[in-house]
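Asker: Now for the letters of each chain:
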Amino acid sequence: MYICRILLLCLALNVSAAAQNLGRALAPDEIAKLDLTISPDGTGLPPGSGSVAAGAEVYSKKCQGCHGADGAGKPQDRLTGGIGTLASDKPIKTAVSFWPRATTVFDYIRRAMPLQAPQSLKDDDVYAVTAYLLSIDGVVPKDAVLDAKSLPKVKMPNRDGFVNYWKPKK
Amino acid sequence: MKKREGFVGSDVFVAGNGLMDRRLLLGGGVAAGIAAGAAGLALGQSPDWMKTPGRGFSGYGMPSKWQEKVQRPFSPAPGRPGTGSSRTPLHLLEGTITPNGLHFERHHNGIPDIDPARHELAIHGMVKRPLAFSMENLMRYPMETHIRFIECPGNSGGYASVQPAQTTAGGINGLLSCSEWTGVRLSTLLDEAGVQPGAKWVVAEGADAAAMSRSVPLEKCLDDAVIALYQNGEAIRPEQGYPMRLLLPGFEGNMCVKWLRRLKVTDAPVDARDETSHYTELMPGGKARQYMFLQAVKSAIVKPSFGMAMRGPGLYEISGLAWTGAGKVSKVEITADGGRTWAPAALGEPVLSKALTRFRLAWKWDGRPSVLASRATDETGETQPTRAAWVAQYATGQFYHFNGIQSWAVAADGTVSNVYL
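Quick note, the sequences are listed as chains A and B, same order.
At position 141 of the first sequence the residue is numbered 141 (the working numbering), and the sequence of numbers has no breaks.
At position 92 of the second sequence the residue is numbered 92 (the working numbering), and the sequence of numbers has no breaks.
With the rest of the complex left out, here is chain B (with noise of 0.2 Å):
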């Protein structure tokens, strides 16, 4: 074989079973390695669209036709259409913004179609002033932009069964999702209102068939809460809570109250029924957690993942996700032999906090089985625990909250399975 330059000599590998040094990303060189796939395209020959004008404008464009796959996956239960989930496809996306025609749906009891004329935000309870704030002017304070992940504490949920689920990336993490959300800090309209002495809580209802309800601490709500008026730049998508949104960076996805409506500041939480008969961990014992607000440290390999096929033995790119509701992901390790051995993935910069972050590694395959996992760490000293650890805190079928470190079996003929370390 020729001689390749730029990755050659053994002192590029970091960790067991081919895993190379993160920098060899940034130059050049290791995708000369890359095992060519399909058969070459006959080029020199101008295709059929450079023959013939192309399509005309349109006011809202959508993605090519030939990602029509591209789809959140979904399936409701019989007799409740409206009450459940679709997930992102993280394994079909690149970077870490997901459109928003993909960011991930939970609903209670399906999508209102609100009329922004007709919807007020109401803040009242322990305030000096009772206050309703109509969009009109809503949209007149000022406002701040920041990109952070929604995660429904459900997410990734399947790691609590006793068989590893084999399904994608994104079947399995893709209560996940990511944007640049624009709106007013809540403080600023707290302020307004006049918090009473005493507040400590902050009860968030939506204007949806199930009036959707949590109680938020108070200390949050005047920290970096917003109240999300657009996503991506555009305004925030009905599935996302059109017109408005609560926005609480880092916390669980479901205290985000989507068509936000109303703020009661109280002096105690209100045991609200999706903080008591869901989102709360039953531990051995029969005693459950409650008010575990923030979404833990927690990675997942999204290539090569589930559904993916390799082309037989060269060079791959590892990539995923990487996130944390304390802050910042400070590290990403990967290994390629089952635990064994770990080597430091690139992060994407800027590294930001409350967001996703996309973590690379080259690895050599040798065609072998191997055993990819990651494990991220946060700002704050957080690891991920293993699978086996998460699962002995809690009670028999417990799955909220999982953030345990997650691998992929890769087999000899390239296919990709969900196995536990």
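So that you can see chain A by itself, here it is in the shape it has in the complex (with noise of 0.2 Å):
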């Protein structure tokens, strides 16, 4: 009886070393306005939707101070043209001759710009935004309306130019 007791205790040790459960449940909604994860496929795209027309507005009044007319660049980081350079001697990466995905662009302006007051926009302008940089080259058309259907399906440039490295032992 004793033995058997010790032994028990040894176990319930054991368990509770092993697992603390000291984790808090999260609910759907709590998750909801954490989750700022934009997958390739579109999921977390919130709703809403933006124009080329509005985003030139939103560019013109949030961006280009930084990021040059037309994304061209300057002082910071150029956002736009390259396409076609990859292969070349002078290859040019930018948001839309480099990134593979428009998800990407909608997920980082959305959670990282602008710079001086992240995660300021409102949805609509950051579809509005996306629109209009890609519509700088053409990559989507000038009437173009982004939204949570049609954002995923925008082909980049550089779509296929990846090769993933990662070797997962199993």
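Fair warning: there could be bad hints in the mix.
[Stated by the list, open to error] The calculated lysine-lysine pairs, modelled on DSS-like cross-linking and capped at a C-alpha distance of 27 Å, are:
id, chain 1, residue 1, chain 2, residue 2
1, B, 200, A, 167
2, B, 331, A, 169
3, A, 169, B, 287
4, B, 287, A, 90
5, A, 149, A, 33
6, A, 169, B, 328
7, B, 200, A, 149
8, A, 74, A, 122
9, A, 149, A, 122
10, A, 167, B, 328
11, A, 33, B, 200
12, A, 169, B, 200
13, A, 153, B, 51
14, B, 331, B, 303
15, A, 155, A, 62
16, B, 65, B, 303
17, B, 303, B, 364
18, A, 153, B, 287
19, B, 328, B, 303
20, B, 128, A, 33
21, A, 61, A, 142
22, A, 153, A, 122
23, B, 200, A, 155
24, B, 51, B, 65
25, A, 169, B, 128
26, A, 167, B, 287
27, A, 153, A, 169
28, A, 167, B, 331
29, A, 155, B, 287
[Unchecked claim] Which bits of chain A does chain B cover? Going by a derived footprint, with three or more residues having C-beta under 8 Å, they are:
id, region
30, 35-42
31, 93-107
32, 112-126
33, 144-157
34, 162-168
Note that these hints are calculated values from the structure, not bench results.
Heads up, the beta-carbon is just placed ideally off N, CA and C, and yes, glycines get one too.
Assembly of the complex is requested from the two constituent chains, each provided in isolation within its own frame, with the hints serving as guidance.
Answerer: Rendered as structure tokens:
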């Protein structure tokens, strides 16, 4: 009986050491507020939409000071142009020429831009400014309107340009 | 000249241009040959600081004021003060552990000042029980301690430039630091949340003003990944992710997400900005390598290096750092004749996995121009490529993940400059 108890106690200790179970359950609405991740298939894209024209306005007010007219860059990163240069001896890597997915453009602007006030844009404005940036080099037409359905379908010029070098053990 | 003991005889030279047997470091004798430097001090008279009481106690000690030049160099681009990096002054430090205030920094939009009482780590996505962990609760989990290096995948990128950068060893390689990290094993928390079948990746996100985000293979998260809470015994520094950082031993520093607030378990990577725009390498032909996570085997001589002056012919210690994300460094070789002959260096014991290893070798410099280089091999058999072989893999201007052989030229006047072999 006594030995049995010790055994049980040991087992119990073992289990509790391996699993503290102190995590607090997260409710679905909490997760929805926390989750900024946009997956390549569009999972995570919020409701709303934005046109190229609306985006041009957002861009001139909130982005152009750092990224230049039409995303040409200066003083900060160049955002547009460079399509067709990646195989040349002067490759120009921009969000438009190099990034494989439009979802990444949306995801990054929504979480990180504008630099001095990240996460200050409305979702409609993020759709719009994404549409505007992609329209400059004709990746989307000048009358494009992007939303959760159309954005993941945009085919970026370098969509198939990346080779996955991660080799899982299993 | 008087015959010196301990290292005479030509058998101590094991490679060209004065490289000596690595065992000579371990015994005495070698030091006797080191050329005397500055003029002798007037010993015998007690200095002032012996004749007056010293300073009192302090709550948090600082380095000697005579060390005030030991600083992280940084030069932020205009208009983006919180975006960029500062570097560990490797050439001004010894041993393998980086002091916390000198750990390199790479921020994407400044250092947040996080109140730990208002910070939680969320785990959600493909898990049975989405969970949040407060700091108070995390502290109650079993912890583990490991010495690990962290290296930015952009480290030593200057080596990709056409002309060798004339800057210090820290200026070139200082996006590299090594600390003793303590924290909770990530697999413990993932087990508690219950990873669902089909899950393969974990998207990690920081609570900074860039919400820095990276996709991490689940395999790594269930292996040696740690939620780091302590750095060299004290709470992790704000620049390193206070109150917590994801530590992925041997993987790109950028993936060791600082100010960690969220882990989303997914079936696929998300092509985040910092795994597409940055930290990928364009190859000739226009395709780019992506998800190259491992920081490959690498080494750098830090003594002598750019900015140091050799004081004439004589005995010198060559010393430097070697590391590999694949595990342990197994061998470091040094050349003093521009790569013609190589001698094995002594490795500082214990050689630890995914940590910095200090190497040393005695060198008898005859005063003639010499080219020094180091070449490391790791326990998986990988050896550093030449710079030319490394550069040939990629398109023009690519600089991430440089791990080629590095070299220094010592001129007859004792000045040291960066050269390509």
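Asker: With a cut-off of 27 Å on the C-alpha distance, tell me whether residue 167(A) and residue 287(B) pass.
Answerer: 18 Å, holds
Asker: Residue 153(A) and residue 287(B) were given as a pair; does the straight-line alpha-carbon distance stay at or below 27 Å?
Answerer: 22 Å, holds
Asker: Is the straight-line distance between the alpha-carbon of residue 331(B) and that of residue 303(B) 27 Å or less?
Answerer: 18 Å, holds
Asker: Confirm or reject the coverage of the region 144-157 of chain A by chain B under the rule of 3 or more residues with a beta carbon closer than 8 Å to the chain's beta carbons.
Answerer: violated (count 0)
Asker: Under the criterion that the straight-line Cα-Cα distance not exceed 27 Å, is the pair residue 153(A), residue 169(A) satisfied?
Answerer: Judged against 27 Å, a Cα distance of about 32 Å means the pair is violated.
Asker: Within 27 Å, alpha carbon to alpha carbon, are residue 169(A) and residue 200(B)?
Answerer: 12 Å, holds
Asker: Does the region 112-126 of chain A contain three or more residues whose Cβ lies closer than 8 Å to a Cβ of chain B?
Answerer: n = 4 at 8 Å, threshold three: holds.
Asker: CA of residue 169(A) to CA of residue 328(B), is that 27 Å or under?
Answerer: Satisfied, since the Cα-Cα distance of roughly 19 Å is no more than 27 Å.
Asker: Hey, residue 167(A) versus residue 331(B), does the alpha-carbon distance stay inside 27 Å?
Answerer: Holds, because 26 Å separates the two Cα atoms, which is no more than 27 Å.
Asker: Straight-line Cα separation of residue 128(B) and residue 33(A) no greater than 27 Å?
Answerer: Between residue 128(B) and residue 33(A) the Cα gap is close to 19 Å, so the pair holds against 27 Å.
Asker: Could you grab the alpha-carbon distance between residue 328(B) and residue 303(B) and see if it respects the 27 Å cut-off?
Answerer: Between residue 328(B) and residue 303(B) the Cα gap is close to 22 Å, so the pair holds against 27 Å.
Asker: Next pair to validate is residue 331(B) with residue 169(A); report whether the Cα-Cα distance is within 27 Å.
Answerer: 25 Å, holds
The structure shown violates the earlier hints numbered 13, 27, 33.
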